[in-house]
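Protein chains: 2
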Amino acid sequence: MQSLSPPLGEFDLIQRFFKTQSEAMLTANPESVTLGIGDDCALLKADPHEEIAITSDMLVSGRHFFADADPEWLGWKALAVNLSDLSAMGATPLGFTLALALPKVDPSWLEAFSKGLFAIANQYACPLIGGDTTAGPLNICITAFGSIPKEKAIRRSGALDGDDIWTSGTVGDARLTLAALRHEITLSQMDLTLIETRMHQPTPRVELGIALRGIANSALDISDGLLGDLKHILKQSNKDAEVFLDRLPKSITLLKQSVDLQNQYAACGGDDYELCFTAHASQRGAIEKMSADLHLPLTQIGIIKPMQQSTPEITLINSAGRILNPEEAKSLLQSFDHFA
Amino acid sequence: MQSLSPPLGEFDLIQRFFKTQSEAMLTANPESVTLGIGDDCALLKADPHEEIAITSDMLVSGRHFFADADPEWLGWKALAVNLSDLSAMGATPLGFTLALALPKVDPSWLEAFSKGLFAIANQYACPLIGGDTTAGPLNICITAFGSIPKEKAIRRSGALDGDDIWTSGTVGDARLTLAALRHEITLSQMDLTLIETRMHQPTPRVELGIALRGIANSALDISDGLLGDLKHILKQSNKDAEVFLDRLPKSITLLKQSVDLQNQYAACGGDDYELCFTAHASQRGAIEKMSADLHLPLTQIGIIKPMQQSTPEITLINSAGRILNPEEAKSLLQSFDHFA
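In order, the protein sequence lines correspond to chains H and A.
Counted the way this note's numbering counts, the first sequence spans residues 1 to 340.
Counted the way this note's numbering counts, the second sequence spans residues 1 to 340.
Be a bit skeptical, because a hint or two may be false.
Just so you know, same-sequence chains aren't split out, so a pair can sit in one copy or run between any two.
Said to hold, decoys possible - Using 25 Å as the maximum straight-line C-alpha spacing, the simulated DSS-like pairs for lysine-lysine come out as follows:
no.	residue 1	residue 2
1	Lys152	Lys45
2	Lys152	Lys19
3	Lys19	Lys231
4	Lys152	Lys104
5	Lys19	Lys235
6	Lys115	Lys235
7	Lys115	Lys104
8	Lys305	Lys104
9	Lys152	Lys115
10	Lys45	Lys150
11	Lys115	Lys305
12	Lys231	Lys115
Hints listed in this document are in silico derivations from the structure and should not be mistaken for laboratory results.
Please model the entire structure based on the sequences and the hints provided.
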């Protein structure tokens, strides 16, 4: 981390730019970060009653975003996906490091990127505390830190028999936007405008994650698709699940599509960054109040069941209350798409 | 950090491989890491008397290493440069995250890379606690964490008037190796064998960094070249420095080269990962004992001076005790080379 004060003269400009905004944030909130950008390491103060949650995501051009992606959206999204991981554990953001490989120094690109980055950093009081910059194919690697009271982290492994399965917000819109941008489907400009920020500027559910401490038994964020991600909870908790397809929360835009496509995108589309969590039925009242307080829909979409086989299974139930046969379920799950 | 359990089937293999070795390390040393790979975040336990030091470095093919670099060396070096940053603050390694972009899944490359990575991770008891893997141009981003007693971190900004300036080990061999590999100079195979690990498998000075707590007033690791890096201490401490060129510690291999080349490589060659630190003259005895205990040469190479102008200056003094004139100094510094 000699960096953020490194090689190329041009890079000095970049780093000074990041550094100024970073220092402004540290001044505003000096409690947790003892030392920010400019030394060999950053320093975080350790609260004796807290644990530090750590997450790292690498975004690569062509895989996680289009090569010509709006850099302001990209700056936002690069931090958003990490804040989403923090929220899935119930952690409060503390700060982040940014390692950035850039093919060339393009001041207007950098200005827009940092605008998006600091917009979300400021919104969640999560300062940039260090990092690295180098020449190379475009690559954005953020490592984010959060704090959470000891023993309160919401793990994937905590789901219990009979738990309700919940999801926040709506699911499927990021996948619907991708389909429109790929010309797989046609959306009106109005519809696209309504949903495209779901893909480009996802909202990490930070407040929800914090509110779920002590209420949710397990949680994760939906990045690869609801059913695929739910499987991670089931695997780590050794459980099965029943999911009611017609309960999956969908936007009015997605509801205009065919029922098959609605279900595919809502169940399997990636990049939603909503939280999927499980909680005992006795928490329904608390969760409904939470939904009202946060102005965020929270929908019970299924139930955790004891594991029947050696691997966890999800039983899908359609709107008529009928269990999908393996062929039907497979045809739905095949739509699973990793934005590859 | 849904990752390390992500998209491509092939990647599952990789991640399971990293995960197994990671879990073995956590089991051996369960005190600091509450949760490792496999959830949305890793969890570090916070010691109330400690701060967490954080550093992040991104290594890119063609810039930080040759495209055909030995993957075992690469795995070692990727963590070594981060441990070097931790040691420069005096921090004890706690763990690291690895974000890795790979152009393709090559099992033999990955096996060698992880062999080098876990060799150094085990040597310094620094477990892999999380990360991300994706397809993309080869990029290795490691973020490492260390712990250090509160207020004991050795900062770049602490140098005081009259402090001795010290450097560990020898400097210039990594640059000499690079010159030989680039055919800028010719070395015997024997000489190359003696020094090439200095470039490929640098030794982070972790024990030295810890020993320097309470003794050094300032420190950093030498990654971009001794004089260039010393300038960072001077800038942050608002000081000048005098450096005695003939005191720079050089290997017997480097000492076979011309005096001009010796001085250039020792003063300005990058990638050494030795520590440069400053300490009051009263600490000389303690530092000499430290050198003997650690079996590591520690050499006093200069003195910190009050700053005379608005920017920090380094005065270079040659073997005859004569101050280099600006032209001579510039000609030396121009060799400064960032492995670009």
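Hints versus structure:
no.	hint	in the structure
1	Lys152 <-> Lys45	both (19 Å within a copy, 12 Å between copies)
2	Lys152 <-> Lys19	between (33 Å within a copy, 24 Å between copies)
3	Lys19 <-> Lys231	between (41 Å within a copy, 19 Å between copies)
4	Lys152 <-> Lys104	neither (44 Å within a copy, 39 Å between copies)
5	Lys19 <-> Lys235	between (42 Å within a copy, 16 Å between copies)
6	Lys115 <-> Lys235	neither (39 Å within a copy, 28 Å between copies)
7	Lys115 <-> Lys104	within (18 Å within a copy, 33 Å between copies)
8	Lys305 <-> Lys104	neither (53 Å within a copy, 39 Å between copies)
9	Lys152 <-> Lys115	neither (33 Å within a copy, 35 Å between copies)
10	Lys45 <-> Lys150	both (15 Å within a copy, 8 Å between copies)
11	Lys115 <-> Lys305	neither (45 Å within a copy, 41 Å between copies)
12	Lys231 <-> Lys115	neither (36 Å within a copy, 31 Å between copies)
Hints 4, 6, 8, 9, 11 and 12 from the earlier list are contradicted by this structure; the remaining hints agree with it.
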